[in-house]
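Given the sequences, and given the hints that come with them, work out the whole structure.
Spelled out, the chains give:
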Amino acid sequence: MTAVAETTQTCSHLLGLEGLSARELNSILDQTEEFIPASLDAEKRRTDLKGKVVANLFFEPSTRTRISFGLAARRLGAETIDFSPSGSSLSKGESFIDTAKNLIALGVDAVVVRHSTPGTPHLLAKHINVPILNAGDGAHEHPTQGLLDVFTIRQVKGKVAGLTVALVGDIAHSRVARSNIHALITLGAKVIVCGPPTLVPKEVKQLGVEIDCDLDRVLPRCDVVNVLRIQFERQRSGLFPSIQEYFRLFGMTQERVKRSRPDMLLLAPGPINRGIELTPEVADGPNSAILKQVTNGLAVRMAVLYRLLLRKG
Amino acid sequence: MGTFVIRGGRVIDPSQGIDRVDDVWVKDQHIHSIGAGPGEKPAKIYDAQGKIVSPGLIDMHVHLREPGREEDETIATGARSAIAGGVTSVACMPNTEPAIDSQAAAEFVILQAKRAGYANVFPIGAISKGRDGKELAEIGGLVNGGAVAFTDDGSPVVSAEIMRRAMEYCKGFGKTVLSHPEDLDLTRGGVMNEGFESMRLGLRGMPAAAEEVMIFREIALAELTGARAHILHVSTRGGVDLIRQGKKRGVQISGEACPHHFTLTDKCLGTFDSNFKMAPPLRTQEDVEAILEGLRDNTLEVLATDHAPHSPEKKMREFDQAPNGIIGLETFLPICVQALIHTGILTWPQMIGKMTIEPAKVLGIDRGTLKPGAIADITLIDPEVKWVIDPTKFQSKSRNCPFAGWAVQGRAEMVFVAGEIKQEKSPLG
Numbered sequence: 001m002t003a004v005a006e007t008t009q010t011c012s013h014l015l016g017l018e019g020l021s022a023r024e025l026n027s028i029l030d031q032t033e034e035f036i037p038a039s040l041d042a043e044k045r046r047t048d049l050k051g052k053v054v055a056n057l058f059f060e061p062s063t064r065t066r067i068s069f070g071l072a073a074r075r076l077g078a079e080t081i082d083f084s085p086s087g088s089s090l091s092k093g094e095s096f097i098d099t100a101k102n103l104i105a106l107g108v109d110a111v112v113v114r115h116s117t118p119g120t121p122h123l124l125a126k127h128i129n130v131p132i133l134n135a136g137d138g139a140h141e142h143p144t145q146g147l148l149d150v151f152t153i154r155q156v157k158g159k160v161a162g163l164t165v166a167l168v169g170d171i172a173h174s175r176v177a178r179s180n181i182h183a184l185i186t187l188g189a190k191v192i193v194c195g196p197p198t199l200v201p202k203e204v205k206q207l208g209v210e211i212d213c214d215l216d217r218v219l220p221r222c223d224v225v226n227v228l229r230i231q232f233e234r235q236r237s238g239l240f241p242s243i244q245e246y247f248r249l250f251g252m253t254q255e256r257v258k259r260s261r262p263d264m265l266l267l268a269p270g271p272i273n274r275g276i277e278l279t280p281e282v283a284d285g286p287n288s289a290i291l292k293q294v295t296n297g298l299a300v301r302m303a304v305l306y307r308l309l310l311r312k313g
Numbered sequence: 001m002g003t004f005v006i007r008g009g010r011v012i013d014p015s016q017g018i019d020r021v022d023d024v025w026v027k028d029q030h031i032h033s034i035g036a037g038p039g040e041k042p043a044k045i046y047d048a049q050g051k052i053v054s055p056g057l058i059d060m061h062v063h064l065r066e067p068g069r070e071e072d073e074t075i076a077t078g079a080r081s082a083i084a085g086g087v088t089s090v091a092c093m094p095n096t097e098p099a100i101d102s103q104a105a106a107e108f109v110i111l112q113a114k115r116a117g118y119a120n121v122f123p124i125g126a127i128s129k130g131r132d133g134k135e136l137a138e139i140g141g142l143v144n145g146g147a148v149a150f151t152d153d154g155s156p157v158v159s160a161e162i163m164r165r166a167m168e169y170c171k172g173f174g175k176t177v178l179s180h181p182e183d184l185d186l187t188r189g190g191v192m193n194e195g196f197e198s199m200r201l202g203l204r205g206m207p208a209a210a211e212e213v214m215i216f217r218e219i220a221l222a223e224l225t226g227a228r229a230h231i232l233h234v235s236t237r238g239g240v241d242l243i244r245q246g247k248k249r250g251v252q253i254s255g256e257a258c259p260h261h262f263t264l265t266d267k268c269l270g271t272f273d274s275n276f277k278m279a280p281p282l283r284t285q286e287d288v289e290a291i292l293e294g295l296r297d298n299t300l301e302v303l304a305t306d307h308a309p310h311s312p313e314k315k316m317r318e319f320d321q322a323p324n325g326i327i328g329l330e331t332f333l334p335i336c337v338q339a340l341i342h343t344g345i346l347t348w349p350q351m352i353g354k355m356t357i358e359p360a361k362v363l364g365i366d367r368g369t370l371k372p373g374a375i376a377d378i379t380l381i382d383p384e385v386k387w388v389i390d391p392t393k394f395q396s397k398s399r400n401c402p403f404a405g406w407a408v409q410g411r412a413e414m415v416f417v418a419g420e421i422k423q424e425k426s427p428l429g
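Respectively, the protein sequence lines represent chains A and B. Letter by letter, the first sequence follows residues 1 to 313 in this note's numbering. Letter by letter, the second sequence follows residues 1 to 429 in this note's numbering.
Keep in mind the hints are simulated off the structure, nothing from the lab. A virtual CB, placed ideally from N, CA and C, is assigned to each residue, including glycine. Warning: the hint list may mix true and false statements.
Cut-off 30 Å, straight-line C-alpha distance, at most; resulting in silico cross-link-like pairs (DSS-like, lysine-lysine) [to be verified]:
1. K126(A) x K397(B)
2. K126(A) x K41(B)
3. K393(B) x K101(A)
4. K101(A) x K267(B)
Looking from chain A toward chain B, a few residues come up when the C-beta cut is under 8 Å (computed) [to be verified]:
5. E94
6. S95
7. F96
8. G138
To list a few chain A residues with every Cβ distance to chain B over 10 Å, as calculated [stated by the list, open to error]:
9. E18
10. S21
11. A22
12. N26
13. E34
14. K50
15. D82
16. A161
17. R178
18. P197
19. P201
20. V204
21. L207
22. I243
23. G275
24. A289
Shown next as structure tokens:
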């Protein structure tokens with residue numbers, strides 16, 4: 001089996017989607033299909049990872065991703081450890097690396113890590129000899145989210161190549177945007193990023209995407225619209241004048257859905273700010289695959305855990 | 001101590017335009033002559049064949065961390081590290097805890113350096129009390145205490161009015177104001193250069209404009225006041241251009257470049273290694289080329305290291321939380337040789353000038369020369385020796401070096417301070 005991502009001396013990790021080939025991406029997506037039945041039905045749980053221990057290290061709040069990774073590991077028969085910084089020795093001043101090394105000493109076979117600082121999974125991978133899965137590092141990457149978005153697109157549209165996908169909103173602070181861009185471009189989609197210029201770094205163009213700040217001009221061209229959350233926690237102030245103005249310019253409303261193609265697929269990585277990025281009717285409407293994304297996420301995470309933990313040598 | 005001679009080396013002294021094979025005679029801690037001796041038998045003869053005999057190198061931009069952060073470096077370990085790099089005089093930045101903002105603080109630095117007995121240490125005083133940019137420090141007292149220049153360093157003076165008054169006031173003492181040019185509003189939260197790489201890595205960027213707007217301000221203020229200003233660690237193409245233009249207008253401005261800014265780029269950040277994290281940050285290849293051109297045409301007359309020690313446990317933290325800065329004293333010479341001499345950008349005399357007489361002029365200190373009567377600070381450089389940079393051999397207390405593993409050529413071997421031999425051969429090989 002091929003490595004899921006970057007290979008260090010002794011083990012493979014999933015640190016990001018940048019640099020993965022189309023063959024590798026497709027291989028993960030194909031394997032995800034195999035895990036759909038077990039992901040949908042607890043009765044069909046598997047035992048592939050029996051005897052393995054997966055540690056979830058979440059240094060930043062998370063609902064979906066943390067639960068999804070935990071469930072994915074258990075549904076494959078692994079044990080899980082949940083770690084969060086409050087109530088741990090980190091609050092006594094223990095360093096991040098020391099904390100992780102201690103967990104490894106307890107016999108952990110893989111580490112799922114989320115952190116507000118980009119590169120933290122990479123730092124762990126330098127010091128620890130078990131597979132590291134990046135569950136989101138600051139504004140850098142969120143590879144399993146990128147995979148589940150692309151998987152959902154492929155599932156609904158039957159393909160990825162040749163589609164036009166818009167990423168709307170806060171591109172600057174979004175790890176979901178980066179992972180999506182890398183995977184979509186590699187798989188042959190056209191990507192348009194759309195948001196206020198203060199939230200769309202001009203350099204993003206060099207990744208091969210188009211920048212257009214007028215959502216109403218972009219929408220009729222799109223097969224898929226992925227609405228990103230405003231990352232209030234990562235922003236400095238003053239990047240746009242008001243939430244009201246943001247909603248007027250970039251909010252997904254029923255009117256905007258009407259102006260889109262009838263079969264437009266609407267994605268949102270969540271958590272969503274209802275009334276800011278999209279209205280409740282749109283979130284719950286027929287174009288939306290938001291909940292499908294969540295269920296697909298479980299299968300994706302089962303697939304990557306399986307690949308990383310059962311890869312020999 | 002008496003009389004000794006350093007025999008048969010290639011003597012390079014840019015302060016006198018000397019570059020020839022000759023003997024350097026030292027008598028009673030001072031340079032006696034180059035060529036004919038004082039007519040007495042030398043107590044000792046040092047063979048310098050195949051070596052370059054240079055005035056002791058000066059690094060006018062180092063952080064020694066004492067007082068306050070002795071876990072990273074002390075005046076003694078920093079001064080020892082300097083000697084290992086062939087640097088006989090350092091000027092140390094005032095961002096200690098407490099800051100060097102009083103006569104007593106400056107005198108403490110000099111006292112500790114004397115106790116250590118390695119390189120000369122010249123304190124740089126703070127512009128403002130506590131380096132908070134609000135009120136001028138007692139600059140007269142600092143001058144009495146031995147301060148040779150003034151800066152608030154990494155906490156640049158935000159108020160243009162205070163900077164203007166600092167320049168005027170320092171001018172009265174014949175002292176230069178040193179500027180760390182950074183608009184703190186534009187760099188807030190930034191951890192690397194702003195550009196394609198920061199976008200790709202999701203790390204917050206510091207735009208080149210943050211440096212350029214401040215360089216522009218300092219030049220305008222130096223022009224207004226007629227004071228002497230020195231721009232520390234220029235890292236941007238725009239910054240080099242501004243200094244070049246300022247000099248053309250006759251503004252008394254000098255510029256400095258650090259080895260990492262003309263050998264590394266922001267592409268190095270791709271591995272999230274905090275040994276590539278500093279302020280100003282590593283920029284782009286375009287900026288590297290502009291700095292090299294600035295060194296070549298002497299827009300940037302000074303080479304310095306911005307030696308900034310941090311203990312390994314601090315640098316090992318998550319990237320956002322790791323402190324800015326890298327050490328540089330012990331890699332100064334070989335990295336400059338590789339980037340400037342081997343590429344033909346500078347000749348040996350040009351490069352040594354930027355490490356001796358030019359910083360001496362900015363600081364107004366009587367070092368960096370082999371003129372008869374000068375204090376005998378001398379560095380013997382082996383320009384041929386090939387070696388691999390190994391931070392575990394450093395004399396510095398810290399190891400935050402981005403050049404580990406580099407195969408380089410050239411090294412300081414024998415080092416004299418005031419006629420006293422401080423190092424017979426390099427500990428780095």
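Hint by hint, here is what the structure shows:
A hinted pair counts as satisfied when its Cα atoms are at most 30 Å apart, and K126(A) with K397(B) qualifies at roughly 23 Å. A threshold of 30 Å between alpha carbons decides the hint, and for K126(A) with K41(B) the separation of about 60 Å lies outside it, so the pair is violated. Restraint check for K393(B) and K101(A): the C-alpha separation of about 27 Å stays at or below 30 Å, so the hint holds. Restraint check for K101(A) and K267(B): satisfied, since their Cα atoms lie roughly 29 Å apart, inside the 30 Å limit.
Below 8 Å, beta-carbon pairs count as interface contacts, and E94(A) has none with chain B, the closest being about 11 Å; its hint is therefore violated. Interface restraint check: S95(A) against chain B, minimum CB-CB distance 7 Å, threshold 8 Å, status holds. For F96(A), the shortest C-beta to C-beta distance to chain B is roughly 6 Å, which falls under 8 Å, so the interface hint holds. Interface restraint check: G138(A) against chain B, minimum CB-CB distance 5 Å, threshold 8 Å, status holds.
Residue-level check failed: E18(A) sits 7 Å from the nearest beta carbon of chain B, not beyond 10 Å. Interface exclusion of S21(A) from chain B stands, the closest Cβ pair being 18 Å apart, more than 10 Å. No beta-carbon of chain B is positioned within 10 Å of the beta-carbon of A22(A); the least distance is around 19 Å. Look at N26(A): its CB is around 23 Å from the nearest CB on chain B, clear of 10 Å, so calling it non-interface holds up.
Look at E34(A): its CB is around 31 Å from the nearest CB on chain B, clear of 10 Å, so calling it non-interface holds up. Every Cβ of chain B is farther than 10 Å from the Cβ of K50(A); the closest lies at roughly 34 Å, confirming the non-interface assignment. For D82(A), the requirement that its beta carbon stay farther than 10 Å from each beta carbon of chain B is met, with the minimum near 20 Å. Every beta carbon of chain B lies more than 10 Å from that of A161(A), the smallest distance being close to 23 Å; the non-interface claim holds.
A beta-carbon of chain B comes within 10 Å of the beta-carbon of R178(A); the shortest separation is about 6 Å. In this structure P197(A) is separated from chain B by more than 10 Å, as the shortest Cβ-Cβ distance comes to about 14 Å. Distance to chain B contradicts P201(A) as a non-interface residue, since its nearest Cβ pair spans about 4 Å, not more than 10 Å. Against the 10 Å criterion, V204(A) falls within the reach of chain B, whose nearest CB is about 6 Å from its own CB.
With 10 Å as the threshold on Cβ separation, the claim that L207(A) sits away from chain B is violated: the shortest Cβ distance comes to roughly 7 Å. No Cβ of chain B approaches the Cβ of I243(A) within 10 Å, the least distance being about 22 Å, so the stated non-interface status holds. Separation of G275(A) from chain B is adequate, the least Cβ-Cβ distance of about 27 Å exceeding the 10 Å criterion. No Cβ of chain B comes within 10 Å of the Cβ of A289(A); the nearest lies about 25 Å off, and the non-interface call holds.
Hint violations for this structure: numbers 2, 5, 9, 17, 19, 20 and 21, all remaining hints satisfied.
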